[in-house]
Structure formats: C-alpha cells, structure tokens
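Enquirer: Listed below are the residues making up each chain.
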Amino acid sequence: MAHSDEAELRLTEERLARVGVLQELTVAALDLFDPALPMDEFLDRLATRLGCLAALCLEHGAQAPSWRLISGAGLSRPSLALSLGKPGEHPATAALPYPELDRPGLVRWHFPVTSAPDVATSLLLLFDGPPALPAQYYGMVSRLSEIVRAALVHRSLYERSLDSERRLLEQKTLLECQMEASTNAILFAGDRGEVSFNRRFAEVFGLPHGAEPGFEELARLMSAALEVPEAMAGWSDWAPGREAPACHGEVRHRDGRTFDLFCAPVRRQGGAALGRGWYLHDVTPQKRAAEDRSRLLAQEQRARALAEEAQGRAFFLAEASRLLAGSLDYAATLERVANLALPSFADWCMVDLIEEGQGLRRVALAHVEPDKHEVAEQLRRCSVSDPRAAPAWVAVALHTGQAQLHPVVGAQTLRELCDDEAHLALLQQLGVGAMLVVPLTARGRRLGVITLGYGSSGRSYGEADLTLAEDLACRAALAVDNARLYGQMQEAVRNRDEFLSIASHELRTPVTSLRLAAQGLLRMARAPGGFEKAPASFLGASLETAVRQANRMAALIDKLLDLSRIRAGRLDLQLEQVDLAEVVREICAQTAEERAHAGCELELTAEGPVVGRWDRGRLEQVVANLLSNACKYGAGRPVKVTLSCEAAVARLEVADQGIGIPAESQERIFERFERAVSASHYAGLGLGLYIVRRVLDALGGKVGVASQPGAGAIFRIELPLAGPETSAQAQRGAA
Amino acid sequence: MQQRVRLPGPVMLVEDDPDIRAMISQLLELEGYRVVAFANGVEALRELRAGLSPAVILLDLMMPVMNGWQFRAEQTQDPRLAAIPVVVISGDGRVSDKSPQVEADGYLRKPIDLDVLLAAVARFALPESAAS
Numbered sequence: 001m002a003h004s005d006e007a008e009l010r011l012t013e014e015r016l017a018r019v020g021v022l023q024e025l026t027v028a029a030l031d032l033f034d035p036a037l038p039m040d041e042f043l044d045r046l047a048t049r050l051g052c053l054a055a056l057c058l059e060h061g062a063q064a065p066s067w068r069l070i071s072g073a074g075l076s077r078p079s080l081a082l083s084l085g086k087p088g089e090h091p092a093t094a095a096l097p098y099p100e101l102d103r104p105g106l107v108r109w110h111f112p113v114t115s116a117p118d119v120a121t122s123l124l125l126l127f128d129g130p131p132a133l134p135a136q137y138y139g140m141v142s143r144l145s146e147i148v149r150a151a152l153v154h155r156s157l158y159e160r161s162l163d164s165e166r167r168l169l170e171q172k173t174l175l176e177c178q179m180e181a182s183t184n185a186i187l188f189a190g191d192r193g194e195v196s197f198n199r200r201f202a203e204v205f206g207l208p209h210g211a212e213p214g215f216e217e218l219a220r221l222m223s224a225a226l227e228v229p230e231a232m233a234g235w236s237d238w239a240p241g242r243e244a245p246a247c248h249g250e251v252r253h254r255d256g257r258t259f260d261l262f263c264a265p266v267r268r269q270g271g272a273a274l275g276r277g278w279y280l281h282d283v284t285p286q287k288r289a290a291e292d293r294s295r296l297l298a299q300e301q302r303a304r305a306l307a308e309e310a311q312g313r314a315f316f317l318a319e320a321s322r323l324l325a326g327s328l329d330y331a332a333t334l335e336r337v338a339n340l341a342l343p344s345f346a347d348w349c350m351v352d353l354i355e356e357g358q359g360l361r362r363v364a365l366a367h368v369e370p371d372k373h374e375v376a377e378q379l380r381r382c383s384v385s386d387p388r389a390a391p392a393w394v395a396v397a398l399h400t401g402q403a404q405l406h407p408v409v410g411a412q413t414l415r416e417l418c419d420d421e422a423h424l425a426l427l428q429q430l431g432v433g434a435m436l437v438v439p440l441t442a443r444g445r446r447l448g449v450i451t452l453g454y455g456s457s458g459r460s461y462g463e464a465d466l467t468l469a470e471d472l473a474c475r476a477a478l479a480v481d482n483a484r485l486y487g488q489m490q491e492a493v494r495n496r497d498e499f500l501s502i503a504s505h506e507l508r509t510p511v512t513s514l515r516l517a518a519q520g521l522l523r524m525a526r527a528p529g530g531f532e533k534a535p536a537s538f539l540g541a542s543l544e545t546a547v548r549q550a551n552r553m554a555a556l557i558d559k560l561l562d563l564s565r566i567r568a569g570r571l572d573l574q575l576e577q578v579d580l581a582e583v584v585r586e587i588c589a590q591t592a593e594e595r596a597h598a599g600c601e602l603e604l605t606a607e608g609p610v611v612g613r614w615d616r617g618r619l620e621q622v623v624a625n626l627l628s629n630a631c632k633y634g635a636g637r638p639v640k641v642t643l644s645c646e647a648a649v650a651r652l653e654v655a656d657q658g659i660g661i662p663a664e665s666q667e668r669i670f671e672r673f674e675r676a677v678s679a680s681h682y683a684g685l686g687l688g689l690y691i692v693r694r695v696l697d698a699l700g701g702k703v704g705v706a707s708q709p710g711a712g713a714i715f716r717i718e719l720p721l722a723g724p725e726t727s728a729q730a731q732r733g734a735a
Numbered sequence: 001m002q003q004r005v006r007l008p009g010p011v012m013l014v015e016d017d018p019d020i021r022a023m024i025s026q027l028l029e030l031e032g033y034r035v036v037a038f039a040n041g042v043e044a045l046r047e048l049r050a051g052l053s054p055a056v057i058l059l060d061l062m063m064p065v066m067n068g069w070q071f072r073a074e075q076t077q078d079p080r081l082a083a084i085p086v087v088v089i090s091g092d093g094r095v096s097d098k099s100p101q102v103e104a105d106g107y108l109r110k111p112i113d114l115d116v117l118l119a120a121v122a123r124f125a126l127p128e129s130a131a132s
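Those protein sequences? They're chains E and L, same order as listed.
Under this note's numbering, the first residue of the first sequence carries the number 1, and numbering increases by one thereafter.
Under this note's numbering, the first residue of the second sequence carries the number 1, and numbering increases by one thereafter.
Since the hints were made in silico from the structure, they are not lab data.
Note that the structure is a prediction, hence the values are computed from the model and not measured.
No residue lacks a Cβ here, since even glycine has one placed at the ideal position from N, Cα and C.
Don't take each hint at face value.
Said to hold, decoys possible - A few chain E residues facing chain L, derived, Cβ under 10 Å: (1) HIS209; (2) ASN339; (3) SER504; (4) HIS505; (5) ARG508; (6) VAL511; (7) ALA536; (8) SER542; (9) ARG548; (10) GLN549; (11) TYR633.
What the hints assert, rightly or not - Label pairs and their in silico Cβ distance ranges: (12) ILE557(E) with ALA50(L): 38 to 44 Å; (13) ALA122(L) with ASN482(E): 30 to 36 Å; (14) ALA122(L) with ILE557(E): 51 to 57 Å; (15) LEU560(E) with LEU52(L): 37 to 43 Å; (16) ALA50(L) with LEU560(E): 29 to 35 Å; (17) ALA50(L) with LEU500(E): 36 to 42 Å; (18) ALA50(L) with LEU485(E): 54 to 60 Å; (19) ALA50(L) with GLU601(E): 52 to 58 Å; (20) ARG496(E) with ALA50(L): 42 to 48 Å; (21) GLU601(E) with LEU52(L): 27 to 33 Å; (22) GLU47(L) with ILE557(E): 36 to 42 Å.
Construct the entire structure; sequences and hints are all you get.
Expert: What follows is the structure, given as structure tokens:
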C-alpha cells in the first residue's frame, strides 16, 4: 500500500509539475496575444521548461520560396541570421543550417500552428536525443500549440487592424491635404450637423482663420454671398438628416466671381446618406474669356455690319452719282434716284424742286409699298406755286438751308412738320415714322428739298443717315444745277446767235445804203467829166443818205451799248426837271418822216407841261422806241399818243391799230431779242421794248401793254413825277 | 454762166428800207435803167398782175406785209409771171441758212457792192437810155 501510495504521490507530483509547466507556458503563450511583445520569451521559456536544445517558430508564405525563421530560442545571434534550407522542404524533416544543432540523435517535435490560410506556421522543438520527459508532455505541448495558434491568429488580426487603421489615417490625411490644396471650395455637412470645409471655402465666403461655424451659419453665409438662379431653388434647402436631390448650376458671387456650384448628397457605399457636399468651382476666368470672346464676336459683327452698311452707302452714292451724271433730264433722273433710295434708306422719298416760273414742283415721289401708289400719286401732285406756302418741313429747309433729322415722328411732330391739311392727311396715309429732310443747295442757292421717310418698316434715322442724305442732296443739287446751267448756256448761245444774226442784219441795212452812196459817188468821180457832169440831185441825195446811214449806225451802236450797260447794271441816269409833254412833241416831230414812210397818221394829245425829275435822253429813247414800234407794226393806220398827269404820276399811252400782240407774247416782248412776230417780216434788234422797260424800272415807273391780235396794241407808261427813289429811300422801302 | 437774152423793160425793185430803195433806184437810173420800186411784195405783185412786165426783179427777202419768200411763191405759181428773172437781195447769211432757200436767178448779199449790183442787173436788163 505504501509503495502504491508512494507511486501515487510521485504520479501526483508529476501531474502537478506538468500542470505547473502547462500553466506557466500557457500564461507565456497568452502574452503572445500582445503583438507588441516578441515571441522570444515564450520560446525561451518553452525551451527551458522542456529542456530543448532550441525552440523555433517558422513560417512559409504561399508566395515565399522557403521557410523563414520568425523567432528562435537556443540559437546564437549569427545563427538567427542564417537562412533556412532549400525551398519546399518541410521543417519536420529538412536539414537545419544551425551549427548548434548539428549533432547526431537530434529529436524534433513539430507542431503546425498555422493561423492564416495563406501562411504555414510551425513550432519546432529540438532535443538532444530523446527527451527525458513524460509522454504526456508531447500532448501538453500539442495543446499549447493550439493556444499559440490562437494567439498568432489574434496577433495577426490585431496587426492587420493596426495596419488598416494606419492606412485609414494616412488616407484621411491625404484626403485632407487634397481638400486643402483643391482650388474648389468644398463644404461637407454631415447628417449629425458636423461640418468640414477647406481653406478655399473659407476664403470664398470670408470666414476668418480658425473659425468653426455651424452648418446653419454657413448656409446663411452662402445664401447671402451667392446669387443663385431660380432654376436651382432648393440648393440650400437642406438640413442635417434631410434628403435632398443633387443640383448643379452657375451662381454669381456678390464680389463678381462666377462659380459652378454642385451640391449633392454624400453616401456611404451601401447608399445610405452621410450628409451633403457643396462644391464650388471658380469659373470666372473661363466666364470672362467667354464674355471677351462673345464681346469680340459682337464687336466684329458690329464692325462687319458697319462696314457692310458703309459699303451699302458708298454703293448707293456711287450709283446715285452715276444716275445723276448720266442725264441732263434732271427730273427723270431724280425720280430714279428716289427709287434707288428704296428700300435700303427709306420707305418713301420725295423731291421738291423750285422751278423758275412754276414755283415748287414735286418732281419725284417713290414709295416702297405698291398699295400706297394712289396716295403717293396724290401727294406727288401736291405742288405749290409759292415756295413760301409749302408745307412747313419743306419751307423751313428752303428757308434755313439746314438739314433736319427727325428720328421719331409722332402724330404731334408730323402736325408740326406739315401744317398743310391736305398734305398731312396724305402723309398720314403714306405712313411717317421717321423723317430726313435735306435742302438741295448749289452755288449758295436753294434749289429744292429731298425728303426721305420711314413708315411701315418701323426703322429710324441716325447721324450716319443724315450725312448720307446730305451727301446725296449735294450731288443731286449739283446735277440739277449743272443741267440748268447747261440749259441756260444753250439758251444763251441761242440768244447770242440770234442777236448776232439780227444785229448783223440791222447793220447791213444802213451799211448797204452807205456803201451804195459812196460807191455811186466814186463811180461819178471816176466817170469822164467827174462830178461836174453828175446830176446835182444825185450828189445831194447820196451825201444825205450817207449821213443818215451813219446816224442810224450810231443809234444802233448806242442801243447795243445800252444793252451792255443794262446787263451790267450801269444804266446811269442824268436826273433833271424834264417836261415830258415837250419831249413827246419833239420826238413826234422828229419821227414824222418815219411815220410818213409807214403811212401812219399821228393823233397827239399832250396837255402840258408834265414836269418830273427824269433823265431827258432816256425819256426820248422811250418815246422814240414806242412810236417807232407803233409805226412799224401799225399797219399804216393812225397812231394815237396821249399824255396825261394824275396824282403825281405821268401817264403816256401810245396806241396803234396794227397787227396787235397775242396774249401769250405780251410778257415776252419786254425781254431781250424778243418780238411778237417773225424777224423775216420786221427788222430790228428786238431790243426796243427791253430798253423801255429797263429805263422805266430805273426811273421808278412801269410799262404795260393791252392788245388783241389784229386790233392794235396800247402801250401804257406810268412815271412818278418825283423820279426814282434815292438809294437811301430804296433801302428803307426794302427794309 | 449762160448769157441770157437781155430784155428791155424796167427793173423792178422790191425793198422795204426807203434809203436802200432810193439809193439803188438812183444808181440804176444813172446807168440808164428805168426803175419801178415798191416797199413790199403785195404792192409789187399787184403791179405785176396789172400788167407791168419788168426785165428783172430785185427782191429783198425780209419785208413787212409780204416778204420775199411769199412773193416768190406767188410769182412762181402765176404762169404769166413765173418766167420773169429774179435776183434775191438777202440781208444775212445766217437768216438765209435757217430760212427755206429761195429759187432765184441771181443773188445779192447786203451790203451790196455797186459793181456786183450793176453786173447782176446787166445780165437780164437793157438800159433804156445811155448813161450820161
């Protein structure tokens, strides 16, 4: 019993020792849970308690070529650095490189403690010969290896957890750096009301450094600083915990910058909302560049439009000039020019010209709308005989010589521009929205007015149009003036030729008599016997003829000189007290011979004296011309001369009963080189009545004629006894 | 120019200007011609139709009452008068240019040269008496 007790006691002690070792080693293995602690201590303790030569922990990664020593106890420091055997060899059987273990009878205990699927880990215990340990120790170590495996699993997990935590931290730092470095302003608001924003955001919204505003304050700041288009309503309508859709658009900061604003929920991977993010990208430079581009484009388009407009104007003017220069029929040409202005420069265009003796004539009226043709035609016929009675806009332009620009013509303005009711009604029908009025002026004389108007097109006139119209008017006026000058010149040439023809004829008549008289005398003188044999009557008659013809020529030359004087405005008067009755009687006496030739008897009634302040010589000329005409055209019938005086005005009538003067010629006969009848019947310069009228003008009197063809003519003269007004009186009268 | 047979008979002068009329008449009379002078075409035509038969007519063109063109037209239409030679006296080339041309047997242009006048008359008329 004692023996068994002793054996039992030993067994118990043995068990207790084993339990103690297990407990100690288990505690050491539990330390392995702390990844900060190395395995060395555990392996040392294991080797010591089990009496191993060495305790090694090895592992073999799936990708690694061979096993690797993680930790070892019982090896020298150089040995720890040695690399393990050949690839693929299992530690349970492979040769080991450590010199300490190079001994025969080495016993290996091998325990796989693999803790991760892709890594094989082994615990290797090496004994110098069979271990002097109870058999249960192997099982104990095997169980211990399970604890080691668990510890290693934990250790690995813990390491990985630490690693991912570190990586997270790194990523967070990186993200924060990126966020800070971003040129976008970024705000994130979490569902719990927490906010984060970057420096750029703080700068954009003027947040002081280090400020930590809450979401509500930030939302208020953003709303105050940004002008957000209506399309983005609700961009700030968000509160922590609320769902709101994403929105995107362009917003303007009150400081002038433009931002592209994107605002969207931020979600975690599963889709649940974490909060909301605001991302503002400053697009001001792009915006400005785009604005610059569009401004440049607009400028270019404007410049192009201007250039095209200028080209249009130049073309119009060139075409107008071509038309104007192409013809002397200026009325027809102006009609074409008026049409040329449509529709580029006017909806309608009218041209009024002052025509000599006809007043104001509307030579052109063009309208862009065919259905206004009737109105235009009526308006065209609205000519007035007196330019002063023209509608206000025309009269003003003619009077001032100034162009008028009326960019907008309303009802009231139109009424002011057109004070003539008939015109007004027609213009209203024609349509007037804007008007340009330019006078036609050439060589300082107003020739007429061009009026351009917009009606139905609703367009308006500007300064450029005014310039164009003035340019056009200038060219048109020049053309009209040229055409008229040309006409006048042709008329003048015709007059001159006519005058030369008549003058030469008039001179030929006395020269013929004179020459025949002289040649007759000469022939006499050369004939045998000379003058002695010549009949005395012939000598006397020839000499008388010669003298008379010389006088006639002298008188003719005087008439021609008078013409020159009158034309030059130098009809000098020698004023004195003259008795007109005496002058009339004298001239009647002097022209007795002429009357006798013409067969006209004279009936003179001159109650004298009729004394006035006149030029005697000129009065003689007047009376002689009238008497001469009366004889010339009196058809041999009696001529009646009557002088009277009434209310300080002398009246002289010279009446014949001859061929008379047609009504249409009664004004014309007082002009130069004019006569009522053909020059082939009646000789004379055609200057007599012209000189009469000019002399009477100069003396302040007047001359008129009453006549019917075939019933004779009565020329009446009125002469104020006071004579012509002095220049001072004339000036007062004019004023 | 073919010399025409000179005919006896007076020289008829139709001219409105009294001085020219008197001068030409006197000069021709001095040369021995008989001259019958008239101030216009109407008077001359009346005398012709009344039987006056001149050797030649000196006809001015520009005259009142009846001018030379009208006279000539009347004369050429009258078979009894048409054969009488006519010498036209024209005042001015220009007027003649514009006026219808007058068919005539001779032309004198004012101012008339005496020798030309005498030669023209001598072509058609014979002096009735010798010049003194």
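Enquirer: Decide, hint by hint, whether the structure agrees.
Expert: Going through the hints against the structure:
{"no.": "1", "hint": "HIS209", "in the structure": "114 Å, violated"}
{"no.": "2", "hint": "ASN339", "in the structure": "41 Å, violated"}
{"no.": "3", "hint": "SER504", "in the structure": "5 Å, holds"}
{"no.": "4", "hint": "HIS505", "in the structure": "4 Å, holds"}
{"no.": "5", "hint": "ARG508", "in the structure": "4 Å, holds"}
{"no.": "6", "hint": "VAL511", "in the structure": "4 Å, holds"}
{"no.": "7", "hint": "ALA536", "in the structure": "12 Å, violated"}
{"no.": "8", "hint": "SER542", "in the structure": "7 Å, holds"}
{"no.": "9", "hint": "ARG548", "in the structure": "6 Å, holds"}
{"no.": "10", "hint": "GLN549", "in the structure": "6 Å, holds"}
{"no.": "11", "hint": "TYR633", "in the structure": "8 Å, holds"}
{"no.": "12", "hint": "ILE557(E) with ALA50(L): 38 to 44 Å", "in the structure": "42 Å, holds"}
{"no.": "13", "hint": "ALA122(L) with ASN482(E): 30 to 36 Å", "in the structure": "58 Å, violated"}
{"no.": "14", "hint": "ALA122(L) with ILE557(E): 51 to 57 Å", "in the structure": "36 Å, violated"}
{"no.": "15", "hint": "LEU560(E) with LEU52(L): 37 to 43 Å", "in the structure": "40 Å, holds"}
{"no.": "16", "hint": "ALA50(L) with LEU560(E): 29 to 35 Å", "in the structure": "43 Å, violated"}
{"no.": "17", "hint": "ALA50(L) with LEU500(E): 36 to 42 Å", "in the structure": "41 Å, holds"}
{"no.": "18", "hint": "ALA50(L) with LEU485(E): 54 to 60 Å", "in the structure": "58 Å, holds"}
{"no.": "19", "hint": "ALA50(L) with GLU601(E): 52 to 58 Å", "in the structure": "27 Å, violated"}
{"no.": "20", "hint": "ARG496(E) with ALA50(L): 42 to 48 Å", "in the structure": "45 Å, holds"}
{"no.": "21", "hint": "GLU601(E) with LEU52(L): 27 to 33 Å", "in the structure": "29 Å, holds"}
{"no.": "22", "hint": "GLU47(L) with ILE557(E): 36 to 42 Å", "in the structure": "37 Å, holds"}
Consistency note: the structure conflicts with the earlier hints numbered 1, 2, 7, 13, 14, 16, 19.
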